[in-house]
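In terms of the UniProt record's numbering, the sequence shown opens at residue 1 and continues consecutively.
Treat each hint with caution, since some may be false.
Once the Cα atoms are required to be at most 25 Å apart in a straight line, the calculated DMTMM-like pairs of lysine to aspartate or glutamate come out as [what the hints assert, rightly or not]:
#: 1; residue 1: Lys168; residue 2: Glu268
#: 2; residue 1: Lys84; residue 2: Asp68
#: 3; residue 1: Lys305; residue 2: Asp387
#: 4; residue 1: Lys179; residue 2: Glu268
#: 5; residue 1: Lys141; residue 2: Glu268
#: 6; residue 1: Lys141; residue 2: Glu213
#: 7; residue 1: Lys429; residue 2: Glu268
#: 8; residue 1: Lys260; residue 2: Asp110
#: 9; residue 1: Lys253; residue 2: Asp287
#: 10; residue 1: Lys84; residue 2: Glu49
#: 11; residue 1: Lys260; residue 2: Glu71
#: 12; residue 1: Lys466; residue 2: Asp533
#: 13; residue 1: Lys111; residue 2: Glu299
#: 14; residue 1: Lys260; residue 2: Asp287
#: 15; residue 1: Lys466; residue 2: Glu162
#: 16; residue 1: Lys253; residue 2: Glu241
#: 17; residue 1: Lys253; residue 2: Asp239
#: 18; residue 1: Lys84; residue 2: Glu265
#: 19; residue 1: Lys168; residue 2: Asp133
#: 20; residue 1: Lys597; residue 2: Glu701
#: 21; residue 1: Lys466; residue 2: Asp287
#: 22; residue 1: Lys141; residue 2: Glu256
#: 23; residue 1: Lys611; residue 2: Asp667
#: 24; residue 1: Lys611; residue 2: Glu670
#: 25; residue 1: Lys111; residue 2: Asp254
#: 26; residue 1: Lys695; residue 2: Glu672
#: 27; residue 1: Lys141; residue 2: Asp177
#: 28; residue 1: Lys597; residue 2: Asp694
#: 29; residue 1: Lys111; residue 2: Glu162
#: 30; residue 1: Lys253; residue 2: Glu265
#: 31; residue 1: Lys179; residue 2: Glu213
No lab work stands behind these hints, which were simulated from the structure alone.
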Amino acid sequence: MSHKGKNSASSAKGKKPSKAGAESKGEDVLQAVCLLPLANTPLIEYTLEFLAMNGVQEVYIYCGAHTDQVEDYIGRSRWAPSSKSCPFSVLQFVRVADARSVGDVLRDMDKRSLVDGDFLLVHGDMVSNLILDGALAAHRKRRETSAANIMTMILHSGGTEEHRTKTKGITPVFVVDTKTQRCLHYDEMNPLQSDHYLSLDPAIADELSTEFEVRADLIDAQIDICTPEVLALWSESFDYELPRRNFLHGVLKDWELNGKMIYAEIFEDGYAARASNLQMYDAISRDILGRWTFPFIPENNIVPKQAYKKHSNNVMIETGASHAHDATLRNSVIGTDTSIGSGSKVINSIIGTGCTIGANVTLENSYVWNGTAIGDGTTVSQSILADNVVVGKGCTIPAGSLISYGVHISDGIAFSTAAVLSTVTSTGKQVANKDTNLLGPDSNAAPFYDPEDDELDDEDPSRLQKSLIYSLANYNLSSSSISTLASDDGADSDDDDADSNLLSAADAAHSSRSRLSSFASDDSAGKMSFHADAVHGLLDALRADSGDFDSAKLEFMGLRLANNASDAMMRKAVATAFARRAVELVAPEHGGLDPSKAAERALTACRGAPKFVNEVGVGGGQAAQVDFILALQRALSHYYAKGQDQQSGGKTATLLPAMLQQLYALDILEEEGILGWWADARAVDGEAMAGLKDKCRVLVEWLENAEEEDDEDDDDDDDSD
Numbered sequence: 001m002s003h004k005g006k007n008s009a010s011s012a013k014g015k016k017p018s019k020a021g022a023e024s025k026g027e028d029v030l031q032a033v034c035l036l037p038l039a040n041t042p043l044i045e046y047t048l049e050f051l052a053m054n055g056v057q058e059v060y061i062y063c064g065a066h067t068d069q070v071e072d073y074i075g076r077s078r079w080a081p082s083s084k085s086c087p088f089s090v091l092q093f094v095r096v097a098d099a100r101s102v103g104d105v106l107r108d109m110d111k112r113s114l115v116d117g118d119f120l121l122v123h124g125d126m127v128s129n130l131i132l133d134g135a136l137a138a139h140r141k142r143r144e145t146s147a148a149n150i151m152t153m154i155l156h157s158g159g160t161e162e163h164r165t166k167t168k169g170i171t172p173v174f175v176v177d178t179k180t181q182r183c184l185h186y187d188e189m190n191p192l193q194s195d196h197y198l199s200l201d202p203a204i205a206d207e208l209s210t211e212f213e214v215r216a217d218l219i220d221a222q223i224d225i226c227t228p229e230v231l232a233l234w235s236e237s238f239d240y241e242l243p244r245r246n247f248l249h250g251v252l253k254d255w256e257l258n259g260k261m262i263y264a265e266i267f268e269d270g271y272a273a274r275a276s277n278l279q280m281y282d283a284i285s286r287d288i289l290g291r292w293t294f295p296f297i298p299e300n301n302i303v304p305k306q307a308y309k310k311h312s313n314n315v316m317i318e319t320g321a322s323h324a325h326d327a328t329l330r331n332s333v334i335g336t337d338t339s340i341g342s343g344s345k346v347i348n349s350i351i352g353t354g355c356t357i358g359a360n361v362t363l364e365n366s367y368v369w370n371g372t373a374i375g376d377g378t379t380v381s382q383s384i385l386a387d388n389v390v391v392g393k394g395c396t397i398p399a400g401s402l403i404s405y406g407v408h409i410s411d412g413i414a415f416s417t418a419a420v421l422s423t424v425t426s427t428g429k430q431v432a433n434k435d436t437n438l439l440g441p442d443s444n445a446a447p448f449y450d451p452e453d454d455e456l457d458d459e460d461p462s463r464l465q466k467s468l469i470y471s472l473a474n475y476n477l478s479s480s481s482i483s484t485l486a487s488d489d490g491a492d493s494d495d496d497d498a499d500s501n502l503l504s505a506a507d508a509a510h511s512s513r514s515r516l517s518s519f520a521s522d523d524s525a526g527k528m529s530f531h532a533d534a535v536h537g538l539l540d541a542l543r544a545d546s547g548d549f550d551s552a553k554l555e556f557m558g559l560r561l562a563n564n565a566s567d568a569m570m571r572k573a574v575a576t577a578f579a580r581r582a583v584e585l586v587a588p589e590h591g592g593l594d595p596s597k598a599a600e601r602a603l604t605a606c607r608g609a610p611k612f613v614n615e616v617g618v619g620g621g622q623a624a625q626v627d628f629i630l631a632l633q634r635a636l637s638h639y640y641a642k643g644q645d646q647q648s649g650g651k652t653a654t655l656l657p658a659m660l661q662q663l664y665a666l667d668i669l670e671e672e673g674i675l676g677w678w679a680d681a682r683a684v685d686g687e688a689m690a691g692l693k694d695k696c697r698v699l700v701e702w703l704e705n706a707e708e709e710d711d712e713d714d715d716d717d718d719d720s721d
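Produce the entire structure from the sequences given, and follow the hints as far as they go.
Put into structure tokens, the structure is as follows:
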């Protein structure tokens with residue numbers, strides 16, 4: 001299940017917010033994210049209930065992909081403007097054809113002049129029971145005091161202990177004035193960044209002379225009370241995309257220049273979280289089962305025609321569902337028209353409507369959506385099964401698996417590791433080569449692989465949020481080195497001063513008050529964005545085929561300067577872009593070229609591309625050539641390892657030797673470079689890397705023989721002399 005796109009709505013004024021906003025980034029190939037079921041209720045229902053509960057009167061909904069689906073759902077629900085039960089005086093959809101981010105949406109709002117007063121901005125995947133009366137009153141009072149007070153963020157204290165709805169992988173860090181609740185600084189920390197420090201402007205302490213807290217314990221559902229000046233700032237900063245990492249960080253960083261101030265209202269009670277990724281979807285679902293989201297719990301039937309009742313063992317069963325008398329049910333939700341067979345166990349799970357669960361099935365910590373059938377004797381652990389999935393008898397679905405819409409799995413299939421399966425490819429087309437070896441003869445699906453994963457930089461923390469289960473198992477990290485803030489002048493200070501200027505993540509989580517003069521600089525966010533932006537730009541140029549590569553080169557070099565990208569970062573971006581283009585060309589939906597033709601076209605179709613690869617991608621001697629080949633091999637290994645090779649008829653596996661041969665023919669790579677790579681231990685780092693390397697054996701042997709023949713010819717020449 002792939003996620004891209006957005007969903008949003010906005011605005012507020014008067015005694016109660018009169019306009020409101022709902023935004024959610026993400027898209028499934030078949031369904032809008034805000035319509036995905038959370039405890040058998042579409043996500044957008046929770047968002048709209050929150051707005052209605054807080055007295056919102058006017059709602060504007062921005063949609064990206066799947067606007068028609070969302071409009072159709074709203075039109076048939078009690079939220080429809082024509083419905084007598086709709087609490088809103090206005091509910092309007094706003095279409096933006098070319099919007100790719102929250103920033104594009106907010107700039108469009110500003111251009112249309114949709115709001116002329118304060119407004120509430122929220123996301124369509126948000127679940128919250130917070131009442132904002134106090135926060136709205138405080139915001140208005142600050143606004144009356146100064147027009148420079150442009151925004152109030154609604155945050156929730158997660159406490160010092162573990163908390164399910166604290167985001168995994170990315171830790172938001174807020175620096176807040178303890179007296180006024182003004183937000184002084186925002187940044188993010190993650191375990192993958194190479195530099196584990198944050199940067200704080202010394203002027204915050206030296207010039208403001210204020211006492212502040214560094215908070216890493218706050219849960220941010222991105223509920224914001226905004227003034228129209230917020231939209232103006234978005235319009236001025238045309239490159240901002242994300243509300244926190246770009247907008248909030250940028251406005252606070254330049255507070256002296258723009259003179260704008262942002263505040264935080266921190267709630268100690270109540271609930272607020274976003275199902276912005278699979279891990280948060282899981283966490284919020286468990287919180288609903290734990291009744292932390294009251295009154296938004298199943299037995300309160302927030303959607304008309306729902307008929308859930310609570311039974312023993314914290315089981316909510318909807319009228320029309322049935323289960324065998326000896327079935328074990330605990331801490332679960334069962335939708336209508338679902339049947340559960342004899343001897344089955346359903347624990348900490350949510351099952352949708354119209355599902356058939358066979359006999360002796362074990363379902364733990366899992367989510368089964370509507371119309372799905374699970375055969376006798378099957379075990380499903382901590383996984384998501386979408387609508388209309390069919391799982392055969394005696395199967396094993398391990399933790400972390402994602403089975404997309406309509407996938408069929410034959411009897412007796414047992415996966416050893418988490419499976420991600422789909423009936424469509426990343427382009428939305430039906431799978432051409434069904435993986436019957438993996439999924440059995442009755443299957444209509446194959447492992448799903450999103451090529452955009454290759455565009456993520458090694459330090460991009462979104463890697464940690466792609467799967468259902470958060471894990472650092474594949475990363476060699478020390479917990480003591482993660483999320484540590486430190487003074488940049490500690491080396492020159494006395495020991496006592498240095499100690500007072502050190503603040504660990506644990507200290508931050510406890511909201512320790514600190515007078516810190518400055519922190520070491522960290523530009524990891526820029527490094528994370530460079531790879532994705534660079535790969536996208538190069539791919540666009542390569543897809544034009546007959547175009548000129550000069551403009552792409554200028555844009556690439558500009559990105560490099562803007563992000564201070566290293567040679568290694570450039571090499572990786574270039575290798576990834578050309579590898580992905582070659583993979584596209586061998587795919588059936590793009591013509592299914594032979595690997596040699598695909599390699600030639602990827603590298604030479606654009607005028608100036610070979611020169612670009614030579615000068616920018618490689619740009620050096622034998623060591624640089626080895627590093628470039630390794631980057632190319634790593635990029636291709638993702639496709640080879642995750643099933644793309646099978647979908648392309650086995651062609652992906654031979655792309656590496658085809659590309660090396662083409663690069664050799666273009667005089668970009670030399671024999672010494674290829675042979676140096678062949679002898680490098682990094683070339684067999686992992687099963688997929690080793691498999692791809694082995695495909696190059698014939699090419700390497702040919703080069704070695706050619707080198708020996710050249711040596712013999714040289715010896716013959718010497719003898720003749």
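Verification of the hints:
no. : hint            : in the structure
1   : Lys168 / Glu268 : 20 Å, holds
2   : Lys84 / Asp68   : 22 Å, holds
3   : Lys305 / Asp387 : 20 Å, holds
4   : Lys179 / Glu268 : 17 Å, holds
5   : Lys141 / Glu268 : 21 Å, holds
6   : Lys141 / Glu213 : 23 Å, holds
7   : Lys429 / Glu268 : 47 Å, violated
8   : Lys260 / Asp110 : 18 Å, holds
9   : Lys253 / Asp287 : 35 Å, violated
10  : Lys84 / Glu49   : 16 Å, holds
11  : Lys260 / Glu71  : 36 Å, violated
12  : Lys466 / Asp533 : 19 Å, holds
13  : Lys111 / Glu299 : 43 Å, violated
14  : Lys260 / Asp287 : 36 Å, violated
15  : Lys466 / Glu162 : 21 Å, holds
16  : Lys253 / Glu241 : 16 Å, holds
17  : Lys253 / Asp239 : 16 Å, holds
18  : Lys84 / Glu265  : 34 Å, violated
19  : Lys168 / Asp133 : 30 Å, violated
20  : Lys597 / Glu701 : 22 Å, holds
21  : Lys466 / Asp287 : 21 Å, holds
22  : Lys141 / Glu256 : 22 Å, holds
23  : Lys611 / Asp667 : 10 Å, holds
24  : Lys611 / Glu670 : 15 Å, holds
25  : Lys111 / Asp254 : 24 Å, holds
26  : Lys695 / Glu672 : 19 Å, holds
27  : Lys141 / Asp177 : 17 Å, holds
28  : Lys597 / Asp694 : 21 Å, holds
29  : Lys111 / Glu162 : 43 Å, violated
30  : Lys253 / Glu265 : 20 Å, holds
31  : Lys179 / Glu213 : 10 Å, holds
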